[in-house]
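Place chain B with the ligands on chain A using the hints.
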Amino acid sequence: MDFLRPASWEEALAAKAEHPAAVPIAGGTDVMVEINFDHRRPEHLMDLNRIGDLEEWEVGEDSVRLGASVPYSRIMEHLRTELPGLALAAHTVASPQIRNRGGVGGNLGTSSPAGDAHPALLAAGAEVEAESVRGSRRIPIDAFYTGVKRNALAPDELIRAVHIEKAGGPQQYSKVGTRNAMVIAVCAFGLALHPETRTVRTGIGSAAPTPVRARTAEEFLEAALEEGGFWDNGKIITPSLAGRFADLCAAACSPIDDVRGTAGYRRHAVGVMARRTLTWTWESYRGARRTTEGAA
Amino acid sequence: MRIDFTVNGRPQEADDVWEGESLLYVLRERLGLPGSKNACEQGECGSCTVRLDGVPVCACLVAAGQVQGRDVVTVEGLADFARQRSGGSPEVTGTGSRTGEGGALAPIQQAFLDAGAVQCGFCTPGLLVAADEMLERNPDPTDADIREALSGNLCRCTGYEKIMDAVRLAAARQSEEG
Ligand SMILES: Cc1cc2nc3c(=O)[nH]c(=O)nc-3n(C[C@H](O)[C@H](O)[C@H](O)COP(=O)(O)OP(=O)(O)OC[C@H]3O[C@@H](n4cnc5c(N)ncnc54)[C@H](O)[C@@H]3O)c2cc1C
Ligand code: FES
Ligand code: FES
Chain A
0 MDFLRPASWE EALAAKAEHP AAVPIAGGTD VMVEINFDHR RPEHLMDLNR IGDLEEWEVG
60 EDSVRLGASV PYSRIMEHLR TELPGLALAA HTVASPQIRN RGGVGGNLGT SSPAGDAHPA
120 LLAAGAEVEA ESVRGSRRIP IDAFYTGVKR NALAPDELIR AVHIEKAGGP QQYSKVGTRN
180 AMVIAVCAFG LALHPETRTV RTGIGSAAPT PVRARTAEEF LEAALEEGGF WDNGKIITPS
240 LAGRFADLCA AACSPIDDVR GTAGYRRHAV GVMARRTLTW TWESYRGARR TTEGAA
Chain B
0 MRIDFTVNGR PQEADDVWEG ESLLYVLRER LGLPGSKNAC EQGECGSCTV RLDGVPVCAC
60 LVAAGQVQGR DVVTVEGLAD FARQRSGGSP EVTGTGSRTG EGGALAPIQQ AFLDAGAVQC
120 GFCTPGLLVA ADEMLERNPD PTDADIREAL SGNLCRCTGY EKIMDAVRLA AARQSEEG
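As you go down the protein sequences, you meet chains A and B in turn.
Numbering that gives the first Met the number 0 puts the first residue of the first sequence at 0, with every later residue one more than the last.
Numbering that gives the first Met the number 0 puts the first residue of the second sequence at 0, with every later residue one more than the last.
Any given hint could be a false lead.
No more than 25 Å apart at the CA atoms, straight line, and that leaves these computed lysine to any residue pairs for SDA-like [said to hold, decoys possible]:
#: 1; chain 1: A; residue 1: K148; chain 2: A; residue 2: S253
#: 2; chain 1: A; residue 1: K234; chain 2: A; residue 2: V271
#: 3; chain 1: A; residue 1: K148; chain 2: A; residue 2: A250
#: 4; chain 1: A; residue 1: K148; chain 2: B; residue 2: C39
#: 5; chain 1: B; residue 1: K161; chain 2: A; residue 2: N179
#: 6; chain 1: A; residue 1: K234; chain 2: A; residue 2: R288
#: 7; chain 1: A; residue 1: K148; chain 2: B; residue 2: E43
#: 8; chain 1: B; residue 1: K161; chain 2: A; residue 2: R178
#: 9; chain 1: A; residue 1: K165; chain 2: A; residue 2: E292
#: 10; chain 1: A; residue 1: K148; chain 2: A; residue 2: A20
#: 11; chain 1: A; residue 1: K148; chain 2: A; residue 2: R64
#: 12; chain 1: A; residue 1: K165; chain 2: A; residue 2: R285
#: 13; chain 1: A; residue 1: K148; chain 2: B; residue 2: E40
#: 14; chain 1: B; residue 1: K161; chain 2: A; residue 2: M181
#: 15; chain 1: B; residue 1: K161; chain 2: B; residue 2: L112
#: 16; chain 1: A; residue 1: K234; chain 2: A; residue 2: P194
#: 17; chain 1: B; residue 1: K161; chain 2: A; residue 2: A180
#: 18; chain 1: A; residue 1: K148; chain 2: B; residue 2: Q41
#: 19; chain 1: A; residue 1: K165; chain 2: A; residue 2: W230
#: 20; chain 1: A; residue 1: K165; chain 2: A; residue 2: D141
#: 21; chain 1: B; residue 1: K161; chain 2: A; residue 2: T177
#: 22; chain 1: A; residue 1: K148; chain 2: A; residue 2: T91
Everything labelled a hint here was simulated from the structure, so no lab data went into it.
Bound conformation, chain A alone (with noise of 0.2 Å):
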């Protein structure tokens, strides 16, 4: 084995390049797991703690750039108001140990249905900035996640940064597990309003072979909110609407049965996350609606 230690991106990008086999390692919290276990004997490991940009973020006019490597714990402290989905799920994340380490790159890099960042970066919509020697582009987050452990990534990308809109509103992040601290999620669910498009997004983790966006029922919700003019008039979502809403999200999964729990578990979980995230939320835009409508 190999230890390649890039001092700067570019070098980085001109190893990949070299070595596209080579595995990347940020946090190593999954990384070193595959090597400790023997799982993963990579030909080279390339450490990218190196590379200070990675782990630096810049909050902008609409979105926030956010470094591949930006720990957790980080994520937690100082975003929290520009990216309070993401925040919530970054909290939920094993431990205080492992939030020092690990980030978005990482879980974006194993791409696991599980990973808690997934339905966070879903709801809230955001774009994944990849770059090789060939150049950069960003990948949409709804194009990026491909099959089990399976992502867009070309061999000899790396993921520089992540742009995430700024939340415009209400967003909640809720998992299922069977403790509060280090459990991998049953299953998960994020929801984001962004009621300056009138639109709501959500995601859904470890209900699918991939972290999905309940499209249909996101769909349900704008026209029926629409229509109602609950966006203007601030109204109770009522028990009929949220009932529906959360049949449409469980009806989005395609689970699995697994050590961590069944299929028809999940399908309910989903739905039961899905009607209360809506009710927090929506209770939330309601009250930021009652103080900016007091103050004018």
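Just chain B with the ligands, lined up with the frame of chain A:
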């Protein structure tokens, strides 16, 4: 490969390190610092917790090559580290990076002893490093803060109550002194 880094304030070098090796292996097997425990090698138990450039991490999940030029504090150096933090000078009697031996204990170590928070002791080094770092950041933690900070450290013996007592005790003593 060869790795140069700082452990408990002293420069260290490890030779013939295998490229896939973890920091934990280097500490225990190459540098003779067995304080950080190896229980799961998959980030689940926290018994290998050390500070890497000040940040608590699982040493079993850091590749040895990633610590080149960086600064590591293990439980062996905790007493010294705590002493320096409170303005004292480092103990000179220790050998190599094994500064803890024979010297005074860090306040968090003393609190674990006084509160009876150690049974078999396997989880203790990781808990000490994690708890010490939390008290550095958050001198007046709530019980929820303590639970959260220690949520990555498993103990199979104590049931955690005495560990909670120990951390509360260390926090109380710290605020009395401060
Ligand atoms: C005990 C434990 C508990 C965990 N719990 C959770 C959990 O609750 N939720 C969760 O989502 N995850 C969990 N994980 C998994 C892991 O922590 C996350 O997937 C984390 O986001 C990985 O980030 P990393 O930087 O450590 O990745 P690494 O291990 O460094 O890399 C992961 C993968 O991504 C690739 N990669 C890394 N950076 C890049 C880049 N810039 N460009 C291209 N490829 C890249 C690597 O080659 C590798 O294939 C857990 C892991 C452990 C050990
Ligand atoms: S040995 Fe590292 S976390 Fe268990
Ligand atoms: S004292 Fe035995 S594992 Fe904690």
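Find the hints from earlier in the document that the structure breaks and name them by number, from lowest to highest.
-> none
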